[in-house]
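Protein sequence lines correspond, in order, to chains A and B. Heads up: the first sequence begins at 566 in the working numbering, then just goes up one per residue. Heads up: the second sequence begins at 3 in the working numbering, then just goes up one per residue.
No false leads were slipped in.
Cβ-Cβ distance ranges computed for the label pairs, FRET-style:
1) B:Arg47 x A:Ile672: 30 to 38 Å
2) A:Phe588 x B:Pro5: 53 to 61 Å
3) A:Thr668 x B:Gly223: 32 to 40 Å
4) B:Asp83 x A:Gly683: 56 to 64 Å
Treat the hints as calculated values from the structure; they're not laboratory data. Virtual Cβ for every residue (Gly too), placed ideally from N, Cα, C.
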Amino acid sequence: MQFLFRYANPHNFMRLSGAVLPFTAIATALCIGTALYLGFTAPPDYQQGRTVLILFIHVPAATMAMTVYGAIAILSLLSLVWRHPLSDTAARAAAPFGALFTTLGLITGSLWGKPMWGTYWVWDARLTSFLLLLFLYLGYMALWNAIEDESRAARAAAILALVGAVNIPIIKFSVNWWNTLHQGESIVSGALAPVFLAPLLIMMLGYLLLFLTLWMIRIRTAILERRARNLMQGGAA
Amino acid sequence: MSPFATLLLRDIKLAARSGGSAALALSFFALVATLMPLGIGADLRLLARVAGGVLWVGAVLSALLSLDRLFQGDYEDGSLDLIALSPLPLELTALAKIAAHWLSTGLPLTLLSPLLALLFNLPAAATGVLFVSLLIGTPAVSAIGAIGASLTLSLKRGGLILPLIILPLLAPAVIFGAGAVSAALDGLGAKDALGLLAAFAFAAVLLSPFAAAASVRLNLGS
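Could you build all of it, start to finish, from the sequences and the hints given here?
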């Protein structure tokens, strides 16, 4: 716990994130650039042709959509149990990225579905649970915006995020029970050829770094905004 | 009378008398069921096919109508502060309110459903399954709804944000409930779906009071 609380102080966070930001930004550009190059020079898939390129955008987006929700859930727990002061700000800053990754996953999935399944949208289990995930993100952000008192909004949003986290596996199970058409996972099982696997993994790392970079910028902005507001009200920064 | 029973009876009386939210929910449910065939056509075979899904979604939406007032009225006139000060733990208060909401909304909706199923030409066996699925599934709607209601109790326009928050969480109830009816229509056993629905409802009723009590606490500023 010691480690967590050292960076709970916004001042320490500003110092650390300021030092780390340039490196993560450069690493993001390198990873996404390399993955794009490898992806475009990879041979077309024997079944899917060039549409296999969507894989490199679609799968990392889907992975990140769930990772971000996991991060929000953990931060919410930290905020509710230990009153960790920075985690509310961090959770709130992460939510729009989660919604964006979910939307990107849905859009690229639907573009991929047209040539593969012959239709833009199918009521398949994964697509449906992702659509529900998008609504969970939208509800979470709406609740944050609706409650004026910031500390109340933070705790209400944290409760909602945890309720959602408990519910997501159930939603996933119920939707699976309902219908399945989406292809199974092919990374861990080794079904993906190395020529596609390498750019995919690099791209996933690139997405993660991109999220971390933008996330830090948003948290920093939120902290600076709060300081500015405090100064305007004549309080201590 | 125990504090729990007192609160339960008080809330049921309020639901029955002030504005009659129970009667409103029933009328809304009947109206949704009336408009639906107007939208999708009068083909009785098609209507029987979609009856389970339409009536389940209709029941969930009807139960939503009165949910935003679950804690809000008591919050606005200050009685929620007094209830919170009473010896009854806030978790049990939430449970009493969930039970009152179900008895004044979920149960009447369930009792009305066979009549509406008749309008949709649903066979008798499937109607029985629909009735049972609503009977065991609507408590989950009241329970999860109570979380949303307690989170938004201080908001003037909480009724707008409440559906956005809780409808995604209710997807499993609709899937299992309507799935049970479809299974019965296809001559397959509805037991699997009903069992899953019961498990979902049980977990929801068991866990929701804790989340609802936590968010009431934060809204009372204690």
